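Top line first, the protein sequences correspond to chains A and B. Residue 563 in this note's numbering sits at position 569 of the first sequence, with consecutive numbering throughout. Take any residue in the second sequence, count from 1 to its spot, add 47: that is its number in this note's numbering.
Calculated from the structure, these hints are not laboratory results. Owing to the predicted nature of the structure, the values given are computational and were not obtained by experimental measurement. Any given hint could be a false lead.
[Stated by the list, open to error] Calculated pairs, SDA-like style, for lysine to any residue (alpha carbon to alpha carbon, straight line, at most 20 Å):
no., chain 1, residue 1, chain 2, residue 2
1, A, Lys753, B, Arg116
2, A, Lys753, B, Glu105
3, B, Lys157, A, Lys661
4, A, Lys289, A, Leu506
5, A, Lys289, A, Glu311
6, B, Lys157, A, Asp346
7, B, Lys157, A, Lys432
8, A, Lys753, B, Asp117
9, A, Lys150, A, Gly528
10, A, Lys289, A, Lys511
11, A, Lys753, B, Val113
12, A, Lys753, B, Gly103
13, A, Lys661, B, Ala136
14, A, Lys753, B, Leu183
15, A, Lys289, A, Ile520
16, A, Lys150, A, Ile520
17, A, Lys661, B, Leu183
18, B, Lys157, A, Glu530
19, A, Lys432, A, His487
20, A, Lys753, B, Ala114
21, A, Lys661, B, Gly103
22, A, Lys511, A, Ile721
23, A, Lys289, A, Ile540
24, A, Lys753, B, Glu185
[Unchecked claim] Sample of chain B residues facing chain A (criterion: CB under 7 Å; computed from the structure):
no., residue
25, Leu65
26, Gln66
27, Ile86
28, Ile131
29, Pro132
30, Leu141
31, Thr175
32, Thr178
C-beta atoms are modelled at their ideal positions from N, C-alpha and C, and glycine is treated no differently.
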Amino acid sequence: MLLAVLSGFLLAIVAPALHRVTGRYIGWTLAILPASLTAYFASLIPEVQTNGSLVLEYAWIPGLGINLNFLVDGLSLVFALMISGIGTFILIYAGAYLAGHKYLARFFVIMLSFMASMLGLVLSDNLISIFVFWELTSITSYMLIGFNHEDMEARKCALQGLFVTAGGGLVLMAGLILLSIMTGSYSLAEILASDSALHEHAFYTAAVLCILAGTFTKSAQVPFHFWLPNAMAAPTPVSAFLHSATMVKAGVYLMARLNPALGEGDLWSQTLMLFGAATMFTGAYLAFSSTGIKKVLAYSTIMALGTLTMLIGVGTELALTAFICFLVAHSLYKGALFMLAGALDHETGTKDITRMGGLRKAMPVTATIACLAALSLAGLPPLFGFVAKELMFESLLDSPLWSAGLTTAAVAASVLIVGVAGLVAIKPFFGQVGNTPKTPHEAPFGMLVGPAVLSLTALVFGLAPFLPEGALLRSAVGSVYGAPVETYLALWHGVNVPLILSIGSLVLGLSLLAGWKRLQPSIYAINTSAARFGPEAGYFRFMEGITIVAAWQTRVLQNGVLGLYLLLLVAVTFGLTGYTLLTHHGINLTLDLSYSHFYEWGIALLLVVAAVFASATHSRLGSVASMGVLGFGVALTFILFSAPDLGITQLLVETLTVILLVLVLFKLPEFVNLSSPFERYRDLAVAAFAGIVMTLLILAALDVQYFESISSYYIENSAPLAYGRNIVNVILVDFRALDTLGEIFVLSLAALGVLSMIKLKAEDQHKP
Amino acid sequence: MKSNTLILHTAALFIMPLQLMFSVFLLFRGHDEPGGGFIGGLVASGAFVLYAFAFGSEATRRILRVAPRDLLAAGLLFAIASTIPAFLAGQPMLTAHWWELPLPGNSYLKLSTPLIFDIGVYAAVLGTIMTFVINLMEADE
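Chain A extracted, bound-state conformation (with noise of 0.2 Å):
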């Protein structure tokens, strides 16, 4: 299993060389590994078919209760199976589509760290590694919007959708380790066990809120629904893997997983149906208002996940079949469709609906595979989104809260739905040839076997909607509910309430479809006075305030006199921890010196002096030779006290910063006294501070111990544990080694950090 999620990564290290082996056929190589795993994924079917779900262990930070734990169930297992079965058809897809071009490597390297992160999301059982591979999913998405990156409109769609998404990651990690508060544990299996009544705990509501804010806005909800039509600058298998069927459908599985946990709540239910509905009828409607090909599957999109938001909301056993079966419908039509809107782009070059038409003479196989998608789409039989459509009508008529607002707002929704399906379908295909930029002909097989699979799949769910019923969804649906169910699914219900519904909704959704180009002009102008004031407007706005806050902090802290730096430093450091000294301990004057050496007391008069001389003198280099030998006493005082490791360092890093300040000084300007009277009192009163409240800290160290000392622990353990005799080195690689690895990577980022100030410098005096 880890190794099952792991892998992609893996193959994302050796993809580049692979590259240049395979070549053309780079796609269908890769693809090898998502179908694969596919077959594993499929291969623990029967298993949770049996144990309802499995948990699959590995301790990887266990002192900090971080483990890669794997928790399988009917719910992961179909996110999985999504990902990479529809990873497969992406891979060989992208092969194609992006055929050629230089960045070709590098783009499946993302595209696999991608996909190995959405596994590990998916199948993760511990919340922390949850949001680790949550914010490397944003991460990665961040990348392959921006792959274009010499377009400077594709950086600004990227780092839009990373502000957003990684933003709400943070916000997510609040409400995720508040949730391991009110549970006790980071483990999903165990809080999902626990039946202690989550909704009346005192921090239910603000976890609640954290976990939906990161939710809505990687799933695209409403108010945050506007990075997504943006994210459409990433070349188009991106948008067909990640911004239709996979990450954006993370926040909607983080909820669907939470539901047994978090559902029985007001709160979480009535939050999920209202902002549910939005989204759908705002994704609807913005759906059929856009031309651009891709625009309009993104807004349906939107319109899918406020769905399955909604339906989560509605919680009853009824509700979340829908929710699974609309889960798997969409993302197998609008995986097909977006690879299918890719195609007519490549094919035709452009992305306009209005300009294509009568395409299906010169590309007659992707015109029947666009036609069998849309009818999904549409909702219409026999294809898996009637299923899926009628049971989410059943629900919503069968809802406990709101039943007519959230059936009025579905049918609106489906309404809008069946004309986008037309606009997607029809549009390009039939009516009048269109004059499109390239002359028109068949895309190549690597195109079109991704949407073909998909569809026939959809199709073959609709005729035997049982099938997978049996196989997975109603365990999935159990996993969602916290308890088994039993799920009817079939095409055929009989003349019933949803039928009618779905017949009125055609009808009316192909009339408005015949209108649709007389209404453009209306809509467009609707669209523009709404954009003023729409989400998007206050993200902008939202954007220029920081910047305006920064520039304002950076003026008023910030401002360039590094002495102020340290003096606020230094001021609000000893100021702290001499309050705190204060009132938790008092302050202790008893000193023994009688154990002193005079040697000692050599030592802490060459300090002294030192010091006074590195302050008072008015030559740079005397004042940086005099800190020098400040450090090389404290080195003594180090090995005087039997800690030759800490004396060693001491010196070196002293002579180095010696030289480091040394390189520095030549390159300022001549020694002048700037400051006034008042600031150099001002200064000396800071640090005469600080060198009390510091005395006063070492005097109550000597005094008092909280805790018994780790270091007989070290002491003894070193050598038969670690097999070293030099404790300090044996604690710094071995026993506290997770703290060197960070200090390391500290060190290199301050290294990059003045790289990049010293190389950025450089540049700006070499502009004109």
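Based on these hints, arrange chain B on the given structure of chain A.
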């Protein structure tokens, strides 16, 4: 910046190899005696800084062979690589693994993941300081 004194040139040529060897010695004995990756890295940077003072930053770049930045990355990779054996064995991250290779003459060679980790620290420290020094020296050239 480059010094033209004969004494510094000659001294640097003699001292630098010795200091580098000493830094490696410190690195390897670190587990039992004072030393280790951090100290070793600092000593090695001292050697290269001395060389840079004597012969300039261009020459130092040549003798380093790799960009200081890459050294930094290599250090981090080594440190990460030391976590792989524990990972493969299904143990918590950074669990130490030891191998003893018998050598001729009734002695043996102790190899371990903490050693690999320490080499990573060594390279990261060296890379950091050389990034600072070389780029500062070149800042106005």
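Here's how the hints hold up against the structure:
{"no.": "1", "hint": "A:Lys753 x B:Arg116", "verdict": "holds, 13 Å"}
{"no.": "2", "hint": "A:Lys753 x B:Glu105", "verdict": "holds, 16 Å"}
{"no.": "3", "hint": "B:Lys157 x A:Lys661", "verdict": "violated, 48 Å"}
{"no.": "4", "hint": "A:Lys289 x A:Leu506", "verdict": "holds, 19 Å"}
{"no.": "5", "hint": "A:Lys289 x A:Glu311", "verdict": "violated, 33 Å"}
{"no.": "6", "hint": "B:Lys157 x A:Asp346", "verdict": "violated, 68 Å"}
{"no.": "7", "hint": "B:Lys157 x A:Lys432", "verdict": "violated, 68 Å"}
{"no.": "8", "hint": "A:Lys753 x B:Asp117", "verdict": "holds, 16 Å"}
{"no.": "9", "hint": "A:Lys150 x A:Gly528", "verdict": "holds, 18 Å"}
{"no.": "10", "hint": "A:Lys289 x A:Lys511", "verdict": "holds, 17 Å"}
{"no.": "11", "hint": "A:Lys753 x B:Val113", "verdict": "holds, 18 Å"}
{"no.": "12", "hint": "A:Lys753 x B:Gly103", "verdict": "holds, 18 Å"}
{"no.": "13", "hint": "A:Lys661 x B:Ala136", "verdict": "violated, 53 Å"}
{"no.": "14", "hint": "A:Lys753 x B:Leu183", "verdict": "holds, 10 Å"}
{"no.": "15", "hint": "A:Lys289 x A:Ile520", "verdict": "holds, 17 Å"}
{"no.": "16", "hint": "A:Lys150 x A:Ile520", "verdict": "violated, 25 Å"}
{"no.": "17", "hint": "A:Lys661 x B:Leu183", "verdict": "holds, 10 Å"}
{"no.": "18", "hint": "B:Lys157 x A:Glu530", "verdict": "violated, 61 Å"}
{"no.": "19", "hint": "A:Lys432 x A:His487", "verdict": "violated, 46 Å"}
{"no.": "20", "hint": "A:Lys753 x B:Ala114", "verdict": "holds, 15 Å"}
{"no.": "21", "hint": "A:Lys661 x B:Gly103", "verdict": "holds, 17 Å"}
{"no.": "22", "hint": "A:Lys511 x A:Ile721", "verdict": "violated, 79 Å"}
{"no.": "23", "hint": "A:Lys289 x A:Ile540", "verdict": "violated, 29 Å"}
{"no.": "24", "hint": "A:Lys753 x B:Glu185", "verdict": "holds, 10 Å"}
{"no.": "25", "hint": "Leu65", "verdict": "violated, 16 Å"}
{"no.": "26", "hint": "Gln66", "verdict": "violated, 11 Å"}
{"no.": "27", "hint": "Ile86", "verdict": "holds, 5 Å"}
{"no.": "28", "hint": "Ile131", "verdict": "violated, 11 Å"}
{"no.": "29", "hint": "Pro132", "verdict": "violated, 13 Å"}
{"no.": "30", "hint": "Leu141", "verdict": "holds, 4 Å"}
{"no.": "31", "hint": "Thr175", "verdict": "holds, 4 Å"}
{"no.": "32", "hint": "Thr178", "verdict": "holds, 4 Å"}
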